[in-house]
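Student: Quick note, the sequences are listed as chains A and B, same order. Residues in the first sequence are numbered from 0 upward in steps of one, following numbering that gives the first Met the number 0. Residues in the second sequence are numbered from 0 upward in steps of one, following numbering that gives the first Met the number 0.
It is worth saying that the hints were derived from the structure and are not from the lab. Every value quoted in this text rests on a predicted model; they were computed, and no experiment measured them. Be aware that a few hints might be false.
[As the list claims (entries may be wrong)] Partial list, derived from the structure: chain A residues whose beta carbon lies under 10 Å from chain B:
#1 PRO245
#2 LYS296
#3 LYS299
#4 GLY324
#5 GLU434
#6 ASN435
#7 GLU447
#8 GLU530
#9 SER532
#10 TYR560
#11 GLN573
#12 LYS575
#13 ILE596
#14 GLN600
#15 TYR630
#16 GLU632
[To be verified] Selected chain B positions facing chain A (in silico; Cβ < 7 Å):
#17 LYS118
#18 GLU132
#19 TYR170
#20 ASP180
#21 PHE200
#22 ILE416
#23 GLN419
#24 LEU448
Every residue, glycine too, gets a C-beta built ideally from N, C-alpha and C.
One-letter residues, chain by chain:
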Amino acid sequence: MLKTSGIREKVDVCVVGAGHAGCEAALACARLGLETVIFTVSVDSIALMPCNPNIGGSSKGHLVRELDALGGEMGKNIDKTFIQSKMLNVSKGPAVHSLRAQADKAEYSRAMRKVLENQDHLTIKQAEICELLWEENTDSDDNATKKIVGVKTFTGAIYECRAVVLCTGTYLNARCLCGEAITYTGPNGLMAATHLTDSLKEMGVEMRRFKTGTPARMDRRSIDFSKMEEQFGDERVVPFSFSTNPEDVQIEQASCYLTYTNEKTHEIIRANLDRSPIYAGIIEGTGPRYCPSIEDKVVKFAEKERHQVFMEPEGLHTNEMYVGGMSSSLPEDVQLAMYRTVPGLEHCKIVRNAYAIEYDCINPRQLYPTLRFKDVEGLYSGGQLNGSSGYEEAAVQGFMAGVNAAMYLLSREQIILDRSEAYIGVLIDDLVTKENNEPYRMMTSRAEYRLLLRQDNADLRLREKGYQIGLISEEQYQSLLKKKQMIEEEIHRLKEHTVGASKENQDFLTRHNSSTLKTGSNLAELVCRPELSYEILSEIDPDRPSLPADVIEQVEIEIKYEGYIERQLRQVEQFKKMERKKIPADIDYDSVPSLRIEARQKLKSFHPMSIGQASRISGVSPADVSVLLVYLEQYNRKDKV
Amino acid sequence: MFNSDTIAAIATGMTNSGIGIIRISGIESFAVADRIFVPAKKNQKMKDAESHTIHYGFIKDGEETVDEVMVSVMRSPRSFTTEDTVEINCHGGMLVMNRILQLVIRNGARLAEPGEFTKRAFLNGRIDLSEAEAVIDVISSKNDMALKSSVGQLRGKVSEKVKELRSDIIYEIAFIESALDDPEHISLEGYPEKLLIKVNFLIEIVDNLLQSADSGRIMKEGIKTVIVGKPNAGKSSLLNILAGEEKAIVTDIAGTTRDVLEENINLHGISLNVIDTAGIRDTEDTVEKIGVERARKAALDADLIIYVVDASVPLDDNDRMILEMIRDKKSVILLNKTDLPSVIREDDLLEMAGKDAVMIRTSTKDVTGIDLFENTVKDMFFTGKINPDQEVIITNMRHKEALLHTLESLKQVKISIENQMPEDFYSIDLMSAYTSLGSIIGEEVSDDLVNEIFSKFCMGK
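Please work from the sequences and hints to get the whole structure.
Tutor: Put into structure tokens, the structure is as follows:
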């Protein structure tokens, strides 16, 4: 039994963990006026980046921009602390352009801590939460049998509250493995949280064990960069946040360096596989396939002669370099030998060894898409605890969990983003609906409506929602409305503006290798031609209004890809129809005739919120969905009687 | 997923009756009708027609007239489904109904799911609550049946081909997607050119599959017709004549055909799935024995049995055995080898076969009597004496619809490559093609792509 120190406080929300999820959750709650406490095992580890030193990347960049549009902090924070930035995939379609920035890790953490420290209604508390306090729930509207009433710290202090957001990351019963050496700590040697798992299990929460890993950090003075390719940032940097002034991010940037493994590296790894905790069977957790350790890459892709290695600075005020692409859990001596086979790393000195980390997380299918535990009123969960991986994935979940905890306390409607509205919606829907046996990473291929979910239009898609939630100011909202109007007007103008087959126009087209006009056309049709652009057309469009760059960007994309965009919009319409059909919480699947047994079992254990969600559960066939639809109609009509 | 939410199906049974009805329901109903229906009254459009009116005219496939029909128009909410509905009353022949339904589908409707009209009627409040469970039963039982026949009726080779196509397509998607997710590790330099070659190749295969769907070779479709008879009666020669090519080996040696040969034959537009069997006789030869056993089994399942009798040899116990076997079946007796001196009295044979028996004198050597035979079969079909399996026809149409969608998607990929669209656009249409093909073999997409990406391509970090 834990002691009680006698301290007893009353607050609105408790956020457990101050990583990327916890920070967003706490800020959202506090900004909505709720008295919020954020707990962390170490105040010095607020917004820590224990793995790669960057924010964003393919599809993750989308998440950050969406978060920013809704009123989150991550985008602003990286804009303040980045040291290099790139827009990825620029040679491809606009839907897959994605921002990625190298962060100064220490600065990132410090800047976020400053924001938290100065946020009204928010208190930071260094303490390990050991127990969740709950009561039987007698008046739930959705069959939750329990209700959260507070949390208890290791020292016995009790914080009474009606909502808790769990953002424990990789700290629950964490252990780190470096070959045969095992330490029972969280990332970076920080204290693990060893009590909360038991409390969760007592509440009936199903736990699982995942694993991830990180490569070594090296002393930059020991690296010979002349043997590597230097990699620069973009000449013109695009900020993550829609509220950052683009001029503020045009800074002098740091470089990264590219080198490669070789046959010798692979030989050393193969010869020592028996000493890898994974291959020796010491690791129980399931690791992610998308960021395999170098051991995994060598074994699974044996035909590849070399693998890329990216040397990335951890910050401007440190000599540590992150060895991207070579995470490992091999023993220290093997690591050193293996790293030293890589060109430029022949004399490298390791500051921190690579290691694998194992931790407890929950099966996220116990959550509603609001990120609340189905069985516990007031208990929300976000981030790596939900079985995801990555700072960005964590941040957006923390934000949504925090917002919904706040909505609950404010007696307002819960906020769910669906798959057609945001990558955030795809991420959360995948987590709470699909079978997932590894840490979940966002990928652009997971979004079926990605032409609509672009990073460039995240503000147009989500600012209004952020405004309704109360995290976007009136001023920001008004400027969004103005932007929307300018886009609409300009598209309209281009479609109406006819272009005749005058000699001047035909000459212009010929000059740009574009076929000449046979009949009259309009500017919009010309924008569609792959060889022409809005910019090029200025020559034959002298009356165009002067518009901001972000408006022109939207106009051009919407015209150029109109056919595809319309097709996806039609698909979205179909999709929404099914999402809107809600399944009552008290439905008794046993009384639905003709459901196949497998479907019945799955539906009973999941309790999907809508027909749409039900249809995405594996094991539920289209015929089952039809049966369910008819049953619901019957149910609704009986209700009316 | 299909864009159209307008559905169509044959509302009357799929038998040859006097009149057949093709029902179309949904927002696009009138537009679909206007694309294929030319009313006798000039310039009349179904979209402008008043509710509950009926119109005389012709269904046209381009210039060609398919049938003379009556089209009734029912506007929402005054119809069975409460949606805009068009019913095409056509001639009741299987072929005609089939052809019109296909036209409807090509022009913007999709084939209704089993029980879908009823489902819509219920969901739109048209059917009484007490009938809900019946509706559920219809949906689930019809779906079960459709699923079984969808996969079960597919010829082994076809389903293999579809699987191959899918695995080719998902590989390309996974490659594109892994490059998008990890652009620093995987490059798409020079890829569009390679993909174009691949897509052209895929288009060709799907085209071929579609053609075989037209000729019925994709499914075990058609009237199950079994040719039986004693060894060396000329069964294989008959098959070759009907097929118009050498399918079976024909020799003078009795017992040459030792197994069951299967061929799809189009007889004046009627699809026959003809099974040539080993000659039936008491035999000690093990291999031949198995063949004989299979022949019996095939005959048991048959919709139509063609019994070929060698007129130049006397009837014996084997004939009596066969006649016993076909007694309750629809059958045609061919008195073959009439080019040789006959030793069989037709009356004797007819007497043994029963009063309903149809007998035709033929010579597979001189090819006489074959026309009469073909016409006889045709008449039996049109008068409803023999019927093909409905479910099979529907399934075939569903497969064809899926193949058409696949083809369209692949062509769209080609257009995107030719227009130099960015690579991420290719995977959108490749994915549609993959999904459409999946519906043929009853597989859904789920997490195929993510798994393929991780298993085939080395992602970084």
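Student: A separate judgement is required for each hint: does it hold in the structure or not?
Tutor: Hints, verified against the model:
no. : hint   : verdict
1   : PRO245 : violated, 23 Å
2   : LYS296 : holds, 6 Å
3   : LYS299 : holds, 7 Å
4   : GLY324 : holds, 5 Å
5   : GLU434 : holds, 8 Å
6   : ASN435 : holds, 9 Å
7   : GLU447 : holds, 8 Å
8   : GLU530 : holds, 9 Å
9   : SER532 : violated, 13 Å
10  : TYR560 : holds, 8 Å
11  : GLN573 : holds, 7 Å
12  : LYS575 : violated, 13 Å
13  : ILE596 : violated, 12 Å
14  : GLN600 : violated, 17 Å
15  : TYR630 : holds, 7 Å
16  : GLU632 : holds, 5 Å
17  : LYS118 : holds, 6 Å
18  : GLU132 : holds, 6 Å
19  : TYR170 : violated, 14 Å
20  : ASP180 : holds, 5 Å
21  : PHE200 : violated, 24 Å
22  : ILE416 : violated, 12 Å
23  : GLN419 : holds, 5 Å
24  : LEU448 : holds, 6 Å
When each numbered hint is compared with the structure, violations occur for hints 1, 9, 12, 13, 14, 19, 21, 22.
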